[in-house]
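K.L.:
Listed below are the residues making up each chain.
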Amino acid sequence: MSEKINIPDHYRRWEADIKIGKKEDHVTIGYWRDGCKGCGICVDVCPKQVWEIIEAKDKWNGQVVQVTDAAKCIKCMLCEVHCPDFCIKIY
Amino acid sequence: MAFEYEKYLRMDKIPHLWCPGCGIGVVLKAMLRAIDNMGWDKNDIAFVSGIGCTSRAPGYIDCNTLHTTHGRALTFATGIKMAKPAKHVIIFSGDGDATAIGGNHFIHACRRNIDMTLVVVNNNTYGMTGGQHSPTTPIGYKTSTTSYGNIDPTFDICLLAKAAGASYVARSTVNKGKVLEKYITKGLEHKGFSVIVATANCHTQFGRKNKMGDPISSRKWIETREIPLDKARNMKAAELEDKIITGEFISEEPEQTYWENYNHPIHEYTEAYQGIIEKAQKKSEGENK
Ligand SMILES: Cc1ncc(C[n+]2csc(CCOP(=O)(O)OP(=O)(O)O)c2C)c(N)n1
Ligand code: SF4
Ligand code: SF4
Ligand code: SF4
Ligand SMILES: [Mg+2]
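Listed in order, the protein sequences are those of chains A and B. Count along the first sequence from 1, then add 79; that gives the number in this note's numbering. Count along the second sequence from 1, then add 386; that gives the number in this note's numbering.
Read the hints as simulated data drawn from the structure, not as lab findings. Just so you know, these numbers come straight off a predicted model, no measurement behind them. No false leads were mixed into what you were given.
Partner residues are not named here, just some residues of chain A that face chain B (Cβ under 10 Å, in silico):
#: 1; residue: Glu82
#: 2; residue: Asn85
#: 3; residue: Gly114
#: 4; residue: Met156
#: 5; residue: Leu157
#: 6; residue: Val160
#: 7; residue: Pro163
#: 8; residue: Asp164
#: 9; residue: Lys168
#: 10; residue: Tyr170
Where is the CB? At the ideal position from N, CA and C, for every residue including glycine.
Chain A with its partners taken away, still in its complex shape (with noise of 0.2 Å):
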């Protein structure tokens, strides 16, 4: 774990200790849910189930995401790929 953590402070974090096959990692998701439009396309794309929709009341559309376990996370970097929005960090 020598990569620098470069998640900005208005970020909502996220953090644990992950196995992706037999190797021992850690990971941090980094969230901003202001700029977050609640699309659902990180929910849609993650294998792992690690997001889910919640109701937001100020936002127009009533929902935003947030992660229901970290622990889920392989680093497969297909949300923060496909989030068209630049809300997700994962490292």
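Chain A is already provided as a structure; the job is to place chain B with the ligands on it using the hints.
P.N.:
Leaving out everything else, chain B with the ligands in the frame of chain A:
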């Protein structure tokens, strides 16, 4: 490891104006990662667009950017490349911008094989103006101008680019962000005119009229129609109707036959143009002696 998009964005303009889940954001991100793969100085990049939802991208990118008139992105870009041949010129265009109003400029930029990279975000419609049908709206689909279903046959932008003389041509979709990044990177590396088509969802304007008004079902509609080029080669035309053929349409393998690469350009335009400038300068120096 997370990618630092902030390095290439005007963060005071983000969140962008695109609808929740709009495919353009996914393509823009692939584009920024591709630029990063090249390791270029931001000041050496000129990023040009026309008009449309797709064409709003220059507002968000922190480099030399130009938001031009509808369909004319390639003409402005050509001017930049001729005046500043050392700049890396990238054009970001919609299907309407590149192949409807700008179709003429498109084929001639391909023909000249100018060393620039064009990324076409093909969402099968005019997203910005209310979802009219475009030259890539599939037959049978509804748009605000084809309420009973479209009857106009479509352009295959990749085959069109190839026939017109572009020298790197590839297509992928918003479901494959990393593949888009790879193709755009190859386009940027390529010397000559490169065209990368990114099939994308406009669920708000196009999807909504075709029972897929949310980003997920529009993305799935694209995914179920993707066919890799190698597989498509052995399929009948009728089987390929309404399919999205993905892959690299022109690579520079020397073993390619004439028909596979029949219109392979003989030279790159920027260099040829520099040659003309030098000739003219020599001639006028001679006359002034
Ligand atoms: C000369 C001219 N004609 C028409 C328009 C109206 N117009 C603006 S955007 C657009 C179509 C955009 O479609 P596309 O290029 O596919 O971009 P998208 O919005 O789908 O990303 C049209 C017809 C214009 N701005 N200028
Ligand atoms: S990196 Fe992959 S596994 Fe982890 S949350 Fe994102 S999509 Fe899910
Ligand atoms: S993909 Fe991005 S914008 Fe969409 S719900 Fe997930 S975090 Fe929010
Ligand atoms: S109208 Fe379509 S293309 Fe334009 S931002 Fe919305 S989803 Fe994207
Ligand atoms: Mg369009």
